[in-house]
Amino acid sequence: GCVHDSQRCLPPEYRPVSPQGCAKPGPGIINGPPPESRLLAQCLAHSGLLTNGLLAKEKAPLRAHLLMAPGVELRTTVLFFVFDCPYLARKLTLAIPIIAAILFFFVMSCLLQTSFTDPGILPRATVCEAAALEKQIDNTGSSTYRPPPRTREVMINGQMVKLKYCFTCKMFRPPRTSHCSVCDNCVERFDHHCPWVGNCVGRRNYRFFYAFILSLSFLTAFIFACVVTHLTLRNSKLSEDTTPLSCLVICFFSIWSILGLSGFHTYLVASNLTTNEDIKGSWSSKRGGEASVNPYSHKSIITNCCAVLCGPLPPSLIDRRGFVQSDTVLPSPIRSDEPACGAKPDASMVGGHP
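Residue numbers (full-length UniProt numbering): 1 to 354.
Hints were generated in silico from the structure; no laboratory data involved.
Quantities reported herein were computed from a predicted structural model and do not represent experimental measurements.
Where is the CB? At the ideal position from N, CA and C, for every residue including glycine.
Mixed in with the good hints there might be a few duds.
[What the hints assert, rightly or not] Only pairs whose alpha carbons sit at most 25 Å apart, straight line, appear in this in silico BS3-like list of lysine-lysine: (1) K135 <-> K91; (2) K135 <-> K164; (3) K162 <-> K299; (4) K299 <-> K280; (5) K135 <-> K299; (6) K135 <-> K162; (7) K280 <-> K164; (8) K170 <-> K280.
[As the list claims (entries may be wrong)] DEER-style ranges, computed between Cβ atoms: (9) S246 <-> F167: 46 to 52 Å; (10) P175 <-> R234: 53 to 59 Å; (11) S300 <-> L233: 43 to 49 Å; (12) K91 <-> D184: 28 to 34 Å; (13) C306 <-> P175: 16 to 22 Å; (14) P86 <-> F116: 32 to 38 Å; (15) F105 <-> S246: 21 to 27 Å; (16) P314 <-> A89: 40 to 46 Å; (17) P314 <-> V154: 16 to 22 Å; (18) A101 <-> K162: 47 to 53 Å.
Turn these sequences into a full structure, and let the hints guide you.
Here it is, written out as structure tokens:
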């Protein structure tokens with residue numbers, strides 16, 4: 001069939017339906033059949049994820065942001081270990097550098113997991129799947145042209161949820177799915193695209209992102225408190241050694257934004273919301289209408305936190321070993337021996353070349 005293995009994981013109402021008898025293009029087309037490409041490379045071509053061990057070449061700004069985020073944290077932590085930790089370990093306790101090292105490695109681990117984990121990319125519909133879905137949408141049978149509806153409605157926990165059609169991926173997006181304009185992919189439970197991690201934040205890597213910003217808040221607050229303690233114990237003048245002061249300034253201006261971001265996402269986790277839904281006001285009165293009930297909330301903070309952050313990680317829908325056909329076929333005077341996408345062969349095709 002034309003339905004890709006990764007598409008089979010989707011519910012039937014969201015998955016494109018392939019037509020019967022959809023044949024692959026024959027070898028008679030000029031230059032052979034449409035070129036195949038790795039499905040993984042196609043899905044990750046516009047993101048900052050690794051493709052065959054290399055970052056996508058098209059996104060140099062994303063790579064710069066991806067290197068800048070750990071670079072700032074690494075610089076601050078190195079300065080802290082070089083200029084503050086020896087004095088504090090000698091005067092107070094050895095636990096200070098140990099705690100700082102544990103927090104730092106945990107932060108970097110969460111950052112890398114957020115950056116290089118599939119956020120929940122939905123593979124695009126193939127040519128056959130898109131054609132079948134178009135026929136399924138435009139089934140009025142009327143002689144006059146009418147633009148087919150590009151929305152569907154499903155009932156979720158007593159709340160009517162509208163599914164939008166993605167013109168890029170050629171499918172109806174499942175609930176809470178949005179198309180990222182940066183990565184150019186539909187992402188399940190899309191939260192936002194974070195340039196600092198070089199990846200979308202979605203269903204499969206949100207827990208790592210939340211752990212990253214939360215642990216980064218603890219690390220920044222810990223370094224800030226230790227630097228203040230260092231300056232207080234030494235009672236040094238600013239002109240003698242400005243390195244602890246530089247760490248203090250970096251932490252002071254960083255801690256407020258990081259704490260604010262952590263608090264905002266803690267509210268989202270407790271409410272079982274996403275950044276995309278909160279900004280758009282999907283379940284509030286921000287759009288000017290009446291506020292509706294969030295159908296995904298479990299009416300309990302603890303249950304919402306467990307639903308978002310705990311549980312098994314859903315499987316990736318990207319077939320890393322699969323191949324996909326190119327959507328574009330070059331025109332050729334040479335006819336194919338087989339019909340493409342359910343087309344019936346005519347006499348000239350059956351009888352060979354004229």
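Each hint tested on the structure:
{"no.": "1", "hint": "K135 <-> K91", "verdict": "76 Å, violated"}
{"no.": "2", "hint": "K135 <-> K164", "verdict": "17 Å, holds"}
{"no.": "3", "hint": "K162 <-> K299", "verdict": "22 Å, holds"}
{"no.": "4", "hint": "K299 <-> K280", "verdict": "21 Å, holds"}
{"no.": "5", "hint": "K135 <-> K299", "verdict": "40 Å, violated"}
{"no.": "6", "hint": "K135 <-> K162", "verdict": "20 Å, holds"}
{"no.": "7", "hint": "K280 <-> K164", "verdict": "15 Å, holds"}
{"no.": "8", "hint": "K170 <-> K280", "verdict": "23 Å, holds"}
{"no.": "9", "hint": "S246 <-> F167: 46 to 52 Å", "verdict": "50 Å, holds"}
{"no.": "10", "hint": "P175 <-> R234: 53 to 59 Å", "verdict": "57 Å, holds"}
{"no.": "11", "hint": "S300 <-> L233: 43 to 49 Å", "verdict": "46 Å, holds"}
{"no.": "12", "hint": "K91 <-> D184: 28 to 34 Å", "verdict": "54 Å, violated"}
{"no.": "13", "hint": "C306 <-> P175: 16 to 22 Å", "verdict": "20 Å, holds"}
{"no.": "14", "hint": "P86 <-> F116: 32 to 38 Å", "verdict": "34 Å, holds"}
{"no.": "15", "hint": "F105 <-> S246: 21 to 27 Å", "verdict": "23 Å, holds"}
{"no.": "16", "hint": "P314 <-> A89: 40 to 46 Å", "verdict": "44 Å, holds"}
{"no.": "17", "hint": "P314 <-> V154: 16 to 22 Å", "verdict": "19 Å, holds"}
{"no.": "18", "hint": "A101 <-> K162: 47 to 53 Å", "verdict": "49 Å, holds"}
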